[in-house]
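Visitor: With the working numbering, the residue at position 31 of the sequence shown is 31, and numbering never jumps.
Careful: at least some of the hints might be erroneous.
As the list claims (entries may be wrong) - Between beta-carbon pairs, the in silico distance windows are:
# : residue 1 : residue 2 : range
1 : G99       : D41       : 17 to 23 Å
2 : D115      : K62       : 38 to 44 Å
3 : A49       : A18       : 22 to 28 Å
4 : D22       : G99       : 40 to 46 Å
In short, the hints are calculated from the structure, not lab data. Cβ atoms here follow ideal geometry from the backbone N, Cα and C, with glycine treated the same way.
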Amino acid sequence: MKSINGDDANAYPGVGVAPGSDMSISFVVTNDGDVALESIDLTDNVIPADHITCANKPESLKPGQSFTCSATLKAPVSGKHVNIAAVEGTPVYGEGESGPTSPVSDVDPARAWVDEPASVVKTLLLV
Numbered sequence: 001m002k003s004i005n006g007d008d009a010n011a012y013p014g015v016g017v018a019p020g021s022d023m024s025i026s027f028v029v030t031n032d033g034d035v036a037l038e039s040i041d042l043t044d045n046v047i048p049a050d051h052i053t054c055a056n057k058p059e060s061l062k063p064g065q066s067f068t069c070s071a072t073l074k075a076p077v078s079g080k081h082v083n084i085a086a087v088e089g090t091p092v093y094g095e096g097e098s099g100p101t102s103p104v105s106d107v108d109p110a111r112a113w114v115d116e117p118a119s120v121v122k123t124l125l126l127v
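Between the sequences and the hints, there should be enough to build the whole structure, so can you do that?
Guide: Spelled out as structure tokens, the structure:
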């Protein structure tokens, strides 16, 4: 799951943000499968890898386990924003177990839109 400022911003239009503000991006990587995963790689199509920090990322992510990564990204000055996180991991089987060895992956978008300031209309009344 990926969120912006604590909001799971998957659905359109996403979360409203102030123009140019810092957006706090959180990535929660969970192994929903039934075997452990190794060589887990988290990427984002907008945020460079060296700007993503992962706390307590395990070497092997057991079924049901999660870890969290975070980043900060500037909101656009106007309009909409969307970025997509992708995660990939390789299944690891115990002794005597077998199964697919191809990497498994998932993607998750996050959307935001800029809160546009309300237009102020002033009327001058001449008497």
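Visitor: Run every hint past the structure and note whether it holds.
Guide: Evaluation of the provided hints:
no. : hint                   : result
1   : G99 x D41: 17 to 23 Å  : holds, 20 Å
2   : D115 x K62: 38 to 44 Å : holds, 41 Å
3   : A49 x A18: 22 to 28 Å  : holds, 27 Å
4   : D22 x G99: 40 to 46 Å  : holds, 42 Å
The structure meets every hint from the earlier list without exception.
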